[in-house]
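Trainee: Sequence:
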Amino acid sequence: MPVTRERMAAVLEEIALLLEIQGENPFKVRAYRQGADVVKGFDGDIVALAEANMLTGIKGLGDALRDKLHELATTGELGFHKNLRADYPDSFFELFELEGLGPKKIALLNKELGVNSIGSLKTACEADKVAGLSGFGAKTQTKILDSIARLAQAATAFRIDVATLAAEEILEELRRHPAVLRASVAGSMRRAKEVVRDLDFIVATSEPAELTKFFSTLPQAKEIIVLGDTKCSIRTEAGLQCDLRAVSNSQFPFALQYFTGSKEHNVAIRSLALKHGWSLNEYGFTGENPPTVNEESDIYKALGLDFIPPALRENRGEIEAADAGKLPRLIEWENLRGTFHTHTTESDGKSTLAAMAAAAEELGLQYLGISDHSKSSPQANGLDQARLAAQIVTIANWNTEFAHEGFRLFAGSEVDILKDGSLDFDDELLAQLDFTVASVHNATTLSEDEMTKRIIRAMENPYITMLGHMTGRLLLRRDAYAVNHEKIIDAAAETRTVIELNCNPKRLDMDWRWWHRARDKGVLCSINPDAHSTQQIQFIKFGAEVARKGWLRREDVLNTKPLAEMTEWLKLPKQRR
DNA sequence: GCCGTTTTCGGCCCGACTGTTTTCAGTCG
Numbered sequence: 001m002p003v004t005r006e007r008m009a010a011v012l013e014e015i016a017l018l019l020e021i022q023g024e025n026p027f028k029v030r031a032y033r034q035g036a037d038v039v040k041g042f043d044g045d046i047v048a049l050a051e052a053n054m055l056t057g058i059k060g061l062g063d064a065l066r067d068k069l070h071e072l073a074t075t076g077e078l079g080f081h082k083n084l085r086a087d088y089p090d091s092f093f094e095l096f097e098l099e100g101l102g103p104k105k106i107a108l109l110n111k112e113l114g115v116n117s118i119g120s121l122k123t124a125c126e127a128d129k130v131a132g133l134s135g136f137g138a139k140t141q142t143k144i145l146d147s148i149a150r151l152a153q154a155a156t157a158f159r160i161d162v163a164t165l166a167a168e169e170i171l172e173e174l175r176r177h178p179a180v181l182r183a184s185v186a187g188s189m190r191r192a193k194e195v196v197r198d199l200d201f202i203v204a205t206s207e208p209a210e211l212t213k214f215f216s217t218l219p220q221a222k223e224i225i226v227l228g229d230t231k232c233s234i235r236t237e238a239g240l241q242c243d244l245r246a247v248s249n250s251q252f253p254f255a256l257q258y259f260t261g262s263k264e265h266n267v268a269i270r271s272l273a274l275k276h277g278w279s280l281n282e283y284g285f286t287g288e289n290p291p292t293v294n295e296e297s298d299i300y301k302a303l304g305l306d307f308i309p310p311a312l313r314e315n316r317g318e319i320e321a322a323d324a325g326k327l328p329r330l331i332e333w334e335n336l337r338g339t340f341h342t343h344t345t346e347s348d349g350k351s352t353l354a355a356m357a358a359a360a361e362e363l364g365l366q367y368l369g370i371s372d373h374s375k376s377s378p379q380a381n382g383l384d385q386a387r388l389a390a391q392i393v394t395i396a397n398w399n400t401e402f403a404h405e406g407f408r409l410f411a412g413s414e415v416d417i418l419k420d421g422s423l424d425f426d427d428e429l430l431a432q433l434d435f436t437v438a439s440v441h442n443a444t445t446l447s448e449d450e451m452t453k454r455i456i457r458a459m460e461n462p463y464i465t466m467l468g469h470m471t472g473r474l475l476l477r478r479d480a481y482a483v484n485h486e487k488i489i490d491a492a493a494e495t496r497t498v499i500e501l502n503c504n505p506k507r508l509d510m511d512w513r514w515w516h517r518a519r520d521k522g523v524l525c526s527i528n529p530d531a532h533s534t535q536q537i538q539f540i541k542f543g544a545e546v547a548r549k550g551w552l553r554r555e556d557v558l559n560t561k562p563l564a565e566m567t568e569w570l571k572l573p574k575q576r577r
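Taking our numbering as reference, the numbering of the first sequence is continuous, increasing by one, and the terminal residue is 577.
For the record, the hints were derived by calculation from the structure and aren't laboratory data. These numbers were taken from a predicted model, which means no experiment stands behind them. It is possible that some hints are incorrect.
No more than 27 Å apart at the CA atoms, straight line, and that leaves these computed lysine-lysine pairs for DSS-like [stated by the list, open to error]: (1) K571 - K521; (2) K326 - K350; (3) K139 - K82; (4) K143 - K105; (5) K122 - K143; (6) K143 - K111; (7) K139 - K111; (8) K275 - K28; (9) K28 - K143; (10) K541 - K453; (11) K350 - K104; (12) K104 - K139; (13) K143 - K40; (14) K326 - K275; (15) K506 - K263; (16) K326 - K301; (17) K453 - K419; (18) K375 - K571; (19) K231 - K213; (20) K263 - K40; (21) K574 - K521; (22) K275 - K301; (23) K275 - K263; (24) K59 - K231; (25) K275 - K222; (26) K222 - K350; (27) K453 - K350; (28) K506 - K375; (29) K40 - K28; (30) K59 - K350; (31) K326 - K263; (32) K104 - K143; (33) K143 - K59; (34) K506 - K350; (35) K506 - K453; (36) K487 - K506; (37) K231 - K122; (38) K419 - K301; (39) K521 - K541.
Let the hints inform the model, and build the full structure from the sequences given.
Mentor: Here it is in structure tokens:
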């Protein structure tokens, strides 16, 4: 059984937890945790490198972790890890999911009561054995039971579309409060992560205690988790935790920067501040002659850095780039001139062709690519050859009758990639289309190798314009298919196939972590909403945010081309694109 | 365990809040 990147990261994370339980040096614990983060985010085939024992010169992975990852990659196991966890069942690790319980308390529960799973903890609480432990009490015991109940039923992560709606509502309320001078969302939502675990809000006010009180009484506050003079956490009906920090107006830029994160980005920023002779925290700079700061950008400026857009703050090279004045000028959604991959009532869409066209134009777009499903997706009412041929005529007629200078429809298809990598339509029909999106919709359990070959074969077809939702993931619902991103990106560069950034918030696929690499290989991105209704065309706004997170510039995104240029580009043979 | 424009040894972020304490430990972000 070959070791995966995820397995390697999980092993390091488990080691961190187990060392923490044993009361090991917290910095050693952190080193393992950071090692796991490096493994997860590494840009390249880290498993192959570990196997070849070539993990050198990677920040955060020293000699010890290099050797351990090598052992894990070559033997499938790690002796150090095996020994550490010998005394604990798999179920033990569930305990860390519970709110309010950390390594110290879990270690004590384990030592005193033999607790080694959520089930045994529940039993112990119900038998009133937990309240008597030193450091525990009746309240803690009740909270543990609450937390167990919540974990059993509530969602712990939320998609960006769901979170955005909730955040906008709350921000609106905060901004309406007369004592609020400035208010912003911070945290992972501001960094445009694909899913968020909580929402963070920062307000500038001279009445912090009044604001935390106000926050705790919002209609959204189904439950108050903590309430103090400067911070408050609530939970909404849907189970989404929302945190508020109330600070003074002069502290606001610092709090905004600090709580936007990421943690890794902030660690690096703070150590840079130390080199300038200042200490930086969520309230300000301290030290000799601290710089004047009015806006968040002033913090970066004071450290000799260009302003780093929140989407990039993941400690993936943005600080070095900002230092060298080499941050990319990121795409903005207003740069988009059109979009592809949309569905109509002809397959499984909810809106007609005419309605989709009108909505796209309303949004300020100059073109819309229609790509209904193909016949191998009968569940989506996919079109056969005859229906597709008819749709091509319909679109041509629409363009003649209704289009005017400055807007047109492009005829396309979301063609199924069949199990062997062949396509659902023959080349003759594909050649009549303005564009095509090739996607996998069935036989999704192939091995990584087979799936990768299948997709690459489809990309080699001269009439395939772009690859649709590369991994097929449905966020929080279905895992990605096994695919080799590196190989597919290389093949896209080779065959001049565009890769789609499917910005339906259920997908956001290809994942943002891979775009920087794709861009550097010269692969173009198309920001496509996979819209099944007129409203969903607006998903391209999420798409632009995610593209920013992937370091993409205007010139890296196909659908920033204006209509005339786009029309010409689509006529070019692939190898000349 | 990792790292290096103070350092190959000695640092590595720290403040708010809660509950159990009677001055503080643990958790969280």
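Trainee: Run every hint past the structure and note whether it holds.
Mentor: Each hint, compared with the structure:
no. : hint        : result
1   : K571 - K521 : holds (23 Å)
2   : K326 - K350 : violated (44 Å)
3   : K139 - K82  : violated (36 Å)
4   : K143 - K105 : holds (13 Å)
5   : K122 - K143 : holds (11 Å)
6   : K143 - K111 : holds (20 Å)
7   : K139 - K111 : holds (21 Å)
8   : K275 - K28  : holds (24 Å)
9   : K28 - K143  : violated (30 Å)
10  : K541 - K453 : violated (32 Å)
11  : K350 - K104 : violated (53 Å)
12  : K104 - K139 : holds (17 Å)
13  : K143 - K40  : violated (33 Å)
14  : K326 - K275 : holds (21 Å)
15  : K506 - K263 : holds (26 Å)
16  : K326 - K301 : holds (14 Å)
17  : K453 - K419 : holds (10 Å)
18  : K375 - K571 : holds (25 Å)
19  : K231 - K213 : holds (9 Å)
20  : K263 - K40  : holds (15 Å)
21  : K574 - K521 : holds (16 Å)
22  : K275 - K301 : holds (14 Å)
23  : K275 - K263 : holds (19 Å)
24  : K59 - K231  : violated (35 Å)
25  : K275 - K222 : violated (45 Å)
26  : K222 - K350 : violated (34 Å)
27  : K453 - K350 : violated (34 Å)
28  : K506 - K375 : holds (23 Å)
29  : K40 - K28   : holds (19 Å)
30  : K59 - K350  : violated (49 Å)
31  : K326 - K263 : holds (22 Å)
32  : K104 - K143 : holds (17 Å)
33  : K143 - K59  : violated (40 Å)
34  : K506 - K350 : holds (17 Å)
35  : K506 - K453 : holds (25 Å)
36  : K487 - K506 : holds (25 Å)
37  : K231 - K122 : violated (30 Å)
38  : K419 - K301 : violated (53 Å)
39  : K521 - K541 : holds (25 Å)
Hint violations for this structure: numbers 2, 3, 9, 10, 11, 13, 24, 25, 26, 27, 30, 33, 37, 38, all remaining hints satisfied.
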